[in-house]
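Undergrad: Using the hints, build the complex out of the two chains.
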Amino acid sequence: MRAHPIGRVSELPPGSRKIVEIGGRSIGVFNVDGEFFALRNSCPHQGAPLCQGSIGGTAAPSAPGEYVWGREGEILRCPWHGWEFDITTGKSVFNPHRMRVKSFTVTVGEEPPSDQQVEMYAVSVEDEVVLLHA
Amino acid sequence: MTEPLTQVEPHVEGDLGPRPGIVDVDVHPVPRSVDEIRERMPMPFRDLYKGERRSFFNNPVHGSRLDSVPPDGGPKGSDPDFMREQLIDGYGVAYAILISRTFCNIHPDPDYAAAIAAAFNEWLVETWLGEANYDGAFKGSITIAQQDPARAVEEIERWAGHEHIVQVTMDSGARLPFGQRYYYPIYEACERHGLPLSVHPGTEGMGINHQPTPGYPTHYIEWHCAMTLSFQSHLISILTEGVFERFPGLKYVFVEGGVAWLAPLLWRLDSYWKALRSEVPWVRRPPSEYVRDHVKLGTQPLERPDDDGQLLQMLEMLDAKRTLMFSSDYPHWDFDSPARAFPRLPDETRDAIFSTNARELYQLDR
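From first to last, the protein sequence lines are chains Y and A. For any residue, its number in the working numbering is found by taking its place in the first sequence, counting from 1, and adding 140. For any residue, its number in the working numbering is found by taking its place in the second sequence, counting from 1, and adding 223.
Keep in mind the hints are simulated off the structure, nothing from the lab. As the structure is a computational prediction, the values presented were derived from the model and not from experiment. Mixed in with the good hints, there may be bad ones.
Restricting the straight-line Cα-Cα distance to at most 20 Å, the calculated cross-link-like pairs of lysine to any residue (SDA-like) are [said to hold, decoys possible]:
| hint | chain 1 | residue 1 | chain 2 | residue 2 |
| --- | --- | --- | --- | --- |
| 1 | Y | Lys-158 | Y | Ala-143 |
| 2 | Y | Lys-158 | A | Asp-290 |
| 3 | Y | Lys-158 | A | Leu-289 |
| 4 | Y | Lys-242 | A | Arg-563 |
Beyond 10 Å from chain A on every Cβ pair, some chain Y residues (computed) [what the hints assert, rightly or not]:
| hint | residue |
| --- | --- |
| 5 | Ile-146 |
| 6 | Val-149 |
| 7 | Leu-152 |
| 8 | Ile-162 |
| 9 | Gly-164 |
| 10 | Phe-176 |
| 11 | Pro-189 |
| 12 | Ala-200 |
| 13 | Glu-206 |
| 14 | Arg-211 |
| 15 | Thr-228 |
| 16 | Thr-229 |
| 17 | Arg-240 |
Backbone N, C-alpha and C define an ideal beta-carbon position, used for all residues, glycine too.
If we strip away everything but chain A, and leave its shape as in the complex, we get (with noise of 0.2 Å):
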């Protein structure tokens, strides 16, 4: 079905040295049943959890590849193994940075969303981190509740420094764009701790959330295609607030939202900072610059024009050897196939993007 990337040696149980291959900054795990959360959350929480997601704008077609089911059995994407089989021996993927999908942004009630957080991040040490991650291939984020941002720094500090923990990640679908001060602590805590911080789309207008549109679109289609609207708006409040002055250390990550829409943003943006600094005049450089020092985006679900030279137009417009990182999204309905989502790109970009780029960010072969 699938042809590997690269050769990969077979790894040796015990090895955590680094590994070869490609790495996927955007895979999600699935627990086994509610229960593997619900028993790891606190007494009244455990009772309250039934494991919700977004009540509507579900996917019409299906939500995850219909072959990600288990061989024996469970929902899909809840078997590291056949993860295994299917994505990281499949591609030949040398690291999956995973990333748990708790909807815990949803809830008005900041003490619940902190406490599904928690119960997710217990649950991927102890699992997916743990036993079974006996050749190292698995790295994990920390979940975090924006509902409270102090409760989030307790939850970033409870699992930093853990080995096999690489980043924290919170949801696109917010109440405030993400350079305000609100969310400062949050910033201060991952850039005190090295540890860069995912965004991932999936909550835009569910619960508390705002939707990134004129009020609701109709369907699930809008909605889904209109999620890279909150991803910009949030990169243009994060870059004229002056986020990466005050966090020079701050590394942004935006996953799951395409990438096509960020070559035209940055020139907009550069051209109005021309006339309109003076406004905040902490923003010293041109915003692009600060993008391309602070900020990476996941490849999926990569925009593929019928003509592929102009993908390799965009993806030099977009400085893509500095600015993206590959992700598959498995094992969810848009999966974009490491051999077959991008066209061939030139040695060094694609080195960049597969592989270079992520384990520098992550610092994967240290």
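If we strip away everything but chain Y, and leave its shape as in the complex, we get (with noise of 0.2 Å):
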């Protein structure tokens, strides 16, 4: 496994997602305040494209005629047949420990070297704007 920058912190803001291709995977991460979580794109059903869905709460388990809402901004909700994940874990809301899916490891550091073999050009961030000097 190895670490592939996706994005500067200030690009992912709370609430917000981004749908990545890594090596040929596609992986959805997600900002749930402040913190990093990725999810496989692909949902265990039937393959719907999972990261599209919507992030809202959930409702849960509660007595009859009780509504108990919360977890807002933490339920992925398939963009096809609506079954709810928690994005937090990948694992699903009506049965956690059958049916979940695959989890990333996502982190805040510094910028990895590039493995590529290619000249180097120096690039500095100055007043937000990413400046290459080549």
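TA: Written out as structure tokens, the structure reads:
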């Protein structure tokens, strides 16, 4: 497993997501309240692009007639059949032990050195503008 | 995202010969705006129509796939070329049988209902079955309003014979069971033109239609799950009233009601028939035999038990090779993926369900 830079923290504010292709796999990276999570962009049910689903909360199991709404921003709902997944674990809401989507680790760190053996140029950031010095 | 099931030859413009691939018998084309329908309606209905649909029992999650929004905007499912990309090319679909969701059957006014059906038919023929159908992948259904069978027959006459019209469609939401004489003018017209009649749920309990449960359920999940009850009631009525004895050329298609209920229903009806056949002596054969000759079911939403083996047994029990045709319900939320909805099937069964049954019924290769 290697680290793939997928963007700056400022490009992924809380509540947002970014879908990236890594080695032929489509993966969704989510910022939930400042913490980053990543899930495979394929629903284990019928293969829908899961990470394009809606992000919201859910009603926790409760007594008949009661609604306990919560987990706002932590639940991803499949864009096809509406199955709910916990963004922070990849586990489904209806059967967390048996139905889950693959999750990946996301960290915030230094930009790793490039593998590519090409001529290197210095890059700097000034006033939020990326400048290439060639 | 999706793997085509069959390799499809690139189509040649102007070549409308048989297309290779699977057939999907429940696909929904959507107008880009209500105005596309309204402008095809006469006054005073043009001013009246606002695109009314169900006023409650709406899906609490979403009604259509969130990824079916056309890239250039517009309602989900409203761009023929985007549907081509997602469904036709995405899964190797040779023919998509289009069924407009008009909701015309909810209205008490038969003239208004007929005007809505007529406008949708004109729209379908002029758009999806017109310029947008350059490869012949789209096949259409004539929508009829049940409220006035004589007017419904006129609507069938108006479109029968169109090169891309392959069936008639109406809602399973109804005021009377489909075996009753009220509907016979419609059946006579379908039979005369060799057009199967496809029935689609969605207006059960809405407007003037009965709800097929004891009273109204509370939630969408209940209402949606119970929609198959109207299919079962209609089918019992059709079989016991002798509809297929009166109209031996009539073919019925039930889409979006699932399939697993069929076998036990027919076991039950066949066994009662042995004792009670003299009450309905025109039912000359065990009711299940009429089903095999006259009725097909769209597979979506396919019931999936945890054990695939149980589903395969169920498919045997309901004679899937003869009774089923694949349907996806694109772009609706409970879309069945051609690649993932079924477990692996024996080749012969798979070909029948995904292609040959529909090609034969709708004469798609003629």
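Undergrad: A separate judgement is required for each hint: does it hold in the structure or not?
TA: Here is how each hint holds up against the structure:
Among the hinted pairs, Lys-158 of chain Y with Ala-143 of chain Y is consistent with the structure: their alpha-carbon atoms are about 16 Å apart, no more than 20 Å. Taken as a hint, the Lys-158 of chain Y and Asp-290 of chain A pair is honoured in the structure, with Cα atoms around 15 Å apart against an allowance of 20 Å. A hinted pair counts as satisfied when its Cα atoms are at most 20 Å apart, and Lys-158 of chain Y with Leu-289 of chain A qualifies at roughly 16 Å. Distance restraint check for Lys-242 of chain Y and Arg-563 of chain A: the Cα-Cα separation of roughly 18 Å lies within the 20 Å cut-off, and the hinted pair is therefore satisfied.
The non-interface label for Ile-146 of chain Y is consistent with chain A: the shortest C-beta to C-beta separation is roughly 20 Å, beyond 10 Å. The claim that Val-149 of chain Y is not at the interface with chain A holds, since no C-beta of that chain comes within 10 Å of its own (minimum 27 Å). Look at Leu-152 of chain Y: its CB is around 20 Å from the nearest CB on chain A, clear of 10 Å, so calling it non-interface holds up. No beta-carbon of chain A comes within 10 Å of the beta-carbon of Ile-162 of chain Y; the shortest separation is about 16 Å.
Every beta carbon of chain A lies more than 10 Å from that of Gly-164 of chain Y, the smallest distance being close to 12 Å; the non-interface claim holds. Distance check on Phe-176 of chain Y: its Cβ is at least 23 Å (rounded) from any Cβ of chain A, clearing the 10 Å threshold; non-interface status holds. A beta-carbon of chain A is positioned within 10 Å of the beta-carbon of Pro-189 of chain Y; the least distance is around 6 Å. Non-interface call for Ala-200 of chain Y relative to chain A: holds, since the shortest CB-CB distance, roughly 16 Å, exceeds 10 Å.
Against chain A, the non-interface label of Glu-206 of chain Y holds: every CB pair exceeds 10 Å, the least being about 15 Å. With a least beta-carbon separation of about 16 Å from chain A, Arg-211 of chain Y lies farther than 10 Å from that chain, consistent with its non-interface assignment. For Thr-228 of chain Y, the condition that its CB be more than 10 Å from all CB atoms of chain A holds, with the nearest at approximately 21 Å. Chain A leaves Thr-229 of chain Y outside its interface by the beta-carbon criterion, the shortest separation being 21 Å against a cut-off of 10 Å.
Even its closest Cβ contact with chain A, about 16 Å, leaves Arg-240 of chain Y beyond 10 Å, as expected for a residue assigned away from the interface.
Comparing the model with each numbered hint stated earlier shows that hint 11 is the single one that does not hold.
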